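Undergrad: If you read the sequences in order, they're chains R and F. Reminder that position 176 of the first sequence reads as 621 in my numbering, one-by-one numbering, no gaps. Reminder that position 127 of the second sequence reads as 572 in my numbering, one-by-one numbering, no gaps.
No wet-lab data here; the hints were simulated from the structure. Any given hint could turn out to be false.
What the hints assert, rightly or not - A short list of chain R residues far from chain F (calculated; beta carbon distances all over 12 angstroms):
1) Lys-566
2) Arg-576
3) Met-606
4) Tyr-620
5) Ala-625
6) Val-629
7) Ser-659
8) Lys-661
9) Lys-689
10) Pro-721
11) Leu-725
To be verified - Residues on chain R that point at chain F, a partial pick, calculated with CB under 7 angstroms:
12) Pro-459
13) Val-461
14) Glu-483
15) Gln-486
16) Arg-490
17) Lys-491
18) Leu-507
19) His-508
20) Val-516
21) Gly-517
22) Ser-520
23) Thr-521
24) Ala-542
25) Met-546
26) Ile-549
27) Val-588
No experiment lies behind these values; they were computed from the predicted model shown. All C-beta atoms, glycine included, are put in the ideal place defined by N, C-alpha and C.
Protein chains: 2
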Amino acid sequence: MIQLTILGCHSATPRVNAFPTSQYLEINNNHFLVDCGEGTQRQMRKYKVGFSKINHIFISHLHGDHFYGLVGLLSTYGILSREKEMHIFGPKGIKKATLQMLKISESHAKFNMIFHELSSKESELIYEDDRVTVRTIPLTHRVYTNGYLFVEKEKPRKLDMLNISGYPEIDKADYLNIKAGRDVTLPSGEVLPNSTITINPPKPLSYAFCSDTSYKPDIVPLIKNADLLYHEATFLHDRQDLAKKTKHATAIEAAQIAKDANVGQLVIGHYSGRYPDISLFKKEAETVFKQVSLAKPGAIFTVD
Amino acid sequence: MIQLTILGCHSATPRVNAFPTSQYLEINNNHFLVDCGEGTQRQMRKYKVGFSKINHIFISHLHGDHFYGLVGLLSTYGILSREKEMHIFGPKGIKKATLQMLKISESHAKFNMIFHELSSKESELIYEDDRVTVRTIPLTHRVYTNGYLFVEKEKPRKLDMLNISGYPEIDKADYLNIKAGRDVTLPSGEVLPNSTITINPPKPLSYAFCSDTSYKPDIVPLIKNADLLYHEATFLHDRQDLAKKTKHATAIEAAQIAKDANVGQLVIGHYSGRYPDISLFKKEAETVFKQVSLAKPGAIFTVD
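Generate the whole structure from the sequences, applying the supplied hints.
TA: So this is what it looks like as structure tokens:
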């Protein structure tokens, strides 16, 4: 199961009801924070994100609207007497700047901060446990930037108990092997193919986070068939010149990526302050790809 | 005229409707920002503080809840194409940490940031123009901390036109001298004492900002007769032990400082998250000093 909570989804210029990029991702019982713009900790409180659940933070790039909330959040974890280690993934340089700011504030955190600094221009596997993998999605922006692809690990096959009950000679001790895909040889010598006594596990789900970036068709193979895609759409097509210049994408371009990658649904955000009516982003994207939603603070997107 | 707008007034732990310390001060047509906790720029938008009016920022100390909004604000000034120089007053170290964070974000501000780093343990004059002076108020906290005393410059005396009109022989060219306090010698040789043809200018007003600090009676002479005092009151008297330990003040202690300094009115804030009902702070302070108000985001305090 994937559940994505938008904490902030606007671009850098401050506005009253706009919050810079930050997302809380639950995937297969892992809890990740993705980007951490200024005010993220307050948004976490507002949308009831349990601070102690987060053990991994992924930062796309070091522009302030994706990163300036990190120091305050880590400082707060110190105040909350956190003891568990915290893993922080982000561009090279994130460690020094963050630790220096914490040091000057005499923020005496007792937990270990483990920084995983990224510098590769190729997609790489940066995190793996028994439930999920995380790979970078190299993006093109004014500074070194990665998106992140979160993919559930395949689950064991499920026992087809209706069929198994027809074979009382199958020992329960064999169930783990059967779930792992093994065939069963009965005492009679008969071989039961695994497919006759198990059913397919649920399809592993995936979420691709892509912000900030120019239109970059190169990423399509990396995010192919993702169930959920967040792609920035800072501008509408009317300002494609500005999108190119500032290395951002338009709503149409985000939708084109979603279409070419055949994703399940697209969420767009990172709207420029130039547009008072963000519903135009959805309308524009829908001309290319139908399953489009607008990111809004507090919005939750679920794939089950 | 003094007008103080509270942008944030809570202590460090994040809460939904709590914002860390930041204030916008208008005094004698100067516009200052005092402290800059995370989210200050958003609060400035919310309470319609003109970004371009601010040319001087005063930071009391480098704890995150008074300072972590500075980098984001300066970065935003860059995005807004600010050209005017910005003066930043704060403890030694503020420059390096701020500039490093801006550098790693490749925030290409075109305006000059002029840092005035403070390290004296004595009160010092740190800013002066033709309308106002600013002095430090050395405080006692877990890290090096200053409050700030903002004082209007004395204005010229006002002409008493009713009395002057009785002396048509006084040349208008002399008015500037008269406003400056000079007596006038009439052609007849008669000397008009200045006090007979002028009236007192309005009393220069002053605002003292004191956060964060232990109870520190030493500051009383420095802030004597201030028209407006903001003093932190992180705890109630029931947690005086914790106030001492963390080098904060209680509501009673803030009120005692206000009383001893004979200030016009006291505003308290920096409430610990332990107290859901902040009206208790006012009640407690009023047992010692009557003119108490609670700081709240968006509250405006005017002295005219």
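Undergrad: If a hint holds in the structure, say so; if it doesn't, say that too.
TA: Results of checking the hints against the structure:
1. Lys-566: Lys-566/R clear of chain F: closest Cβ-Cβ about 17 angstroms, beyond 12 angstroms.
2. Arg-576: holds, 28 angstroms
3. Met-606: holds, 47 angstroms
4. Tyr-620: holds, 47 angstroms
5. Ala-625: holds, 45 angstroms
6. Val-629: holds, 55 angstroms
7. Ser-659: Label holds. Min Cβ-Cβ 16 angstroms, cutoff 12 angstroms.
8. Lys-661: Since the minimum Cβ distance to chain F is about 20 angstroms, Lys-661/R lies beyond 12 angstroms and the statement holds.
9. Lys-689: The assertion about Lys-689/R holds, with a minimum of 18 angstroms to chain F.
10. Pro-721: Pro-721/R clear of chain F: closest Cβ-Cβ about 14 angstroms, beyond 12 angstroms.
11. Leu-725: holds, 22 angstroms
12. Pro-459: At about 4 angstroms, which falls below the 7 angstroms cut-off, the nearest Cβ of chain F leaves the hint on Pro-459/R intact, so it holds.
13. Val-461: Hint holds; Val-461/R Cβ to chain F Cβ min 5 angstroms, cut 7 angstroms.
14. Glu-483: With a closest approach of 4 angstroms, the Glu-483/R hint holds.
15. Gln-486: Holds - the Cβ of Gln-486/R comes within 7 angstroms of chain F, reaching about 4 angstroms at its closest.
16. Arg-490: Since the shortest Cβ distance to chain F is 5 angstroms, the answer is holds.
17. Lys-491: Hint holds; Lys-491/R Cβ to chain F Cβ min 5 angstroms, cut 7 angstroms.
18. Leu-507: Cβ of Leu-507/R sits 5 angstroms from chain F, so the hint holds.
19. His-508: holds, 6 angstroms
20. Val-516: holds, 6 angstroms
21. Gly-517: holds, 4 angstroms
22. Ser-520: holds, 4 angstroms
23. Thr-521: Given a least distance of 6 angstroms, the restraint on Thr-521/R holds.
24. Ala-542: It holds, given that the least Cβ distance between Ala-542/R and chain F is near 5 angstroms, below 7 angstroms.
25. Met-546: holds, 5 angstroms
26. Ile-549: Status holds, d = 5 angstroms.
27. Val-588: holds, 5 angstroms
Checked against the numbered hints above, the structure breaks none of them.
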